[in-house]
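2 protein chains.
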Amino acid sequence: MFKDISLDELESVMKKAWDAFAVYRNISLQKRAAFMKAIAVELEACGDALLHTAMEETHLPEARLRGERTRTIFQLNSYADACARGEWMEISIDTAIAGKVPPKPDLRKTKTALGPVVVFGASNFPFAYSTAGGDTACALAAGCPVIVKAHPAHSRTSEMVAGAVLKAVKNSGMPDAVFAHLHGAAQSIGEALVKHPYTKAVGFTGSYGGGRQLFDWGNQRKDPIPVFAEMGSVNPVFLLQEKMKDDAADVAKMYAGSITLGVGQFCTNPGIIIGIKGDDLDKFMTALSEEIKKIPAAKMLHEGIAKSFAEKKESATSQTGVKTIIEIENNDPANNAAPVINFTSGSNFIANPKLHEEVFGPYSIIVACADMNEMTNVAKNLEGQLSATLMATEQDIIDNKELLEAVKNICGRFIINNVPTGVEVCLSMHHGGPFPATTDSRFTSVGADGIKRFARPIVYQNWPDNLLPDELKHSNPLNVWRTINDVPGKA
Amino acid sequence: MFKDISLDELESVMKKAWDAFAVYRNISLQKRAAFMKAIAVELEACGDALLHTAMEETHLPEARLRGERTRTIFQLNSYADACARGEWMEISIDTAIAGKVPPKPDLRKTKTALGPVVVFGASNFPFAYSTAGGDTACALAAGCPVIVKAHPAHSRTSEMVAGAVLKAVKNSGMPDAVFAHLHGAAQSIGEALVKHPYTKAVGFTGSYGGGRQLFDWGNQRKDPIPVFAEMGSVNPVFLLQEKMKDDAADVAKMYAGSITLGVGQFCTNPGIIIGIKGDDLDKFMTALSEEIKKIPAAKMLHEGIAKSFAEKKESATSQTGVKTIIEIENNDPANNAAPVINFTSGSNFIANPKLHEEVFGPYSIIVACADMNEMTNVAKNLEGQLSATLMATEQDIIDNKELLEAVKNICGRFIINNVPTGVEVCLSMHHGGPFPATTDSRFTSVGADGIKRFARPIVYQNWPDNLLPDELKHSNPLNVWRTINDVPGKA
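Chains as they are written, first to last, in my numbering: chain A, 1 to 491; chain B, 1 to 491.
These are computed hints drawn from the structure, not numbers from a lab. Everything numeric in this text was worked out from a predicted model, so none of it was measured. Mixed in with the good hints, there may be bad ones.
[As the list claims (entries may be wrong)] To give an idea of the interface, some chain A residues facing chain B are shown, with a C-beta separation under 8 Å as derived from the structure: (1) I295; (2) R456; (3) P457.
Every residue gets a Cβ at the ideal spot worked out from N, C-alpha and C, and that includes glycine.
With these hints in hand, go ahead and build the complete structure from the sequences.
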């Protein structure tokens, strides 16, 4: 549909982004925020035409896409507010003490933008994690120009969104090259983008293979750069005994919806459900099967994802000791994915790491453990996760400290009696777990703290007040929170 | 002197550290802080015997070592206070909104320790960046067990400090393996430590070669880990014209001291001084030579460093267009390093990256630029730095915006009319610059914000209040700063 950018053109894009960086990073927080809000307005102004294009390209239903655009607009607006409030700069000031030996100088620390950020569009979030999505919003808030590589599965949607952003760039009087949009299906384009000397950080949401490749390229540079890749996860769910005694059927109903939401195409999809074998787990499985039966086959985002789902599901199903509890028949050739629930034992699961891998789609495996000890061992054998969930009574939690510790160790979001799908966009959200959930568990890609990925501290030592950046001036003209001599406040 | 640890022993050390982690990370902030303060007390209790051992091993004078121990004690105490205050956890809470569609769950974000941290002792800071130094203090504050690899150049000093730490471990009732100390001159030990599955982060202060190697090992793992390496820097100093018109001689005096402080063995040593050629710069060089003449040759930390200084100085001096302004004669065979000041032109400097490299020791090169434009180009051609300094009047700063931007772009600490040596230990300090100054410019190794290197956010979703970690409970029993529904405070 769209031609790949040439390496010469890419060179020119990066040079312009670098020049724009020198201007944009000095634009005030308020103006940056207004610019981000202008993008939100233009995104809304794209109207239903944008939704229809996205429907054609992604096969996602209109209601989902409408909701996702609303979320994207909320991200832009709320990160803009956070940008202007300035807490993300974590300002701290230590005032001079001339009488100290040696004299203590005046030190004022704020944050400054890293530089041009390359954002790779995500196939499963054509709005919220693509062209004007969370990574782009965070980078713009931090003061970084953004270069978006469109996801080839929704390149027309990406073009339309890029058009909206560029309108906002113009109307807000921002440097033209604060935002660039390009196409590059060839791997060489991705590599050139990550390795370009003017690229100072990368944002990515997608598969482990893709994320790891970008991360490795970023680290192989002469000057390594931070590559924040969110690479999905299996989001284990632990069913504890007292809870299951009363609520097996309700829990099953809740999870049938979560497993199949959006044809299972979420990085927070619950891919592994761990219980203790016995009547309650049987009851859960029966109820889950009944619920799953009601859910029809559907069409995945693109052929590549459907093919990968079929292969990974096949591979998981063919492992020793795995049986399929339910697989929905797919009678309509227009669809290419139907829900599947597999089953295995705790010991079998622990012994076979193949079963720990994500099967991206409407799939989950139920792991039946002999006892709590085995369940704890399952937790200890899992890799890093975006989220982990306990379905548990308070007594269950109190009685199972070792499991609790093992689970805490592997997840970025620790949930009790909720489903992991549905990631609230707010400051307290953390969407970043130990590797391989993300490449750096200390950062998040959801919530305004995601801005911190793209800025670095800088301390001004012994500067005259009038030449300091506004947020550091004695009179606090921007009225931001600052920690002065170890005391936080707005003084 | 001490035998390298065997790989079997190392395995056992790491296993014990991992087990200690499960206990230590749940120990309250107050108890962690008390433990850190107990280390400080034991360090003081080592008395002059510790200083004398360090003097023998490092050739640093007693006054310097006494001062460095005082600094190390201050680090332990002040990071302990910061640990207990808890601002480093960056707590935020978003309360539930049941009526929202879909309902917004209760979300409470705090930080949790990464896991066992390996700290490599630094040759040039036998106390402050070694066994119980800044990295160790930060990791302990974050809730991480620490495994220290002693620097072979001061292994007896390291043993004594480790003994003090282990006393505090015992007296504070901490798990024994919260701290381990080992020797390993062989590269294979370093590699095994960084690549061990139970190692979750690394702290290092030292050379570019060493830091880059650890960083690469950390990223080559199946599950990459953060390696924070502070790899030194040349800390450029820019002499602006109006300032130099009046103050050339005073500036020279200030810098003669800074260049030669501690035989130049600081990562903040000013290695490059950039001026505009003419009478004022000549006056500066004359005065600098006069001052340097007063400074005798001295003995460096160890033979390896002295050899490297001699080689790098030779290599820099032999480059085309470089001349030596002053080199102090070394007549005492007990010494192995004497101050050297070289000189070159701006165009020559820009053309030859060899001249941008750090010569670790009492060395600096003066770069005479044709004009401000050439000075700005020098700044644009430099790599990442811990610090950069302008010697400038206010008018100089106002008149040279482009230089200002270019300098801001390459440094973590931006100084006006001070020397870069002397790094104040306080919250506002930032000791971390763009690569290659450090491996991640978003973190610092000086100041309590250094704790953030070793902890990751975790969010608790929908938890009953009584089961939450104390810092997240509704009543705020620890009385810590928290941002609730986007508003910071202590409510």
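A quick look at each hint next to the structure:
For I295 of chain A, the suggested interface contact is broken, since its CB lies about 18 Å from the closest CB of chain B, more than 8 Å. Annotation: R456 of chain A was flagged as interfacial toward chain B, and the flag holds, the nearest CB pair being 4 Å apart, inside 8 Å. Proximity of P457 of chain A to chain B holds as hinted, the smallest CB-CB distance being about 4 Å (cut-off 8 Å).
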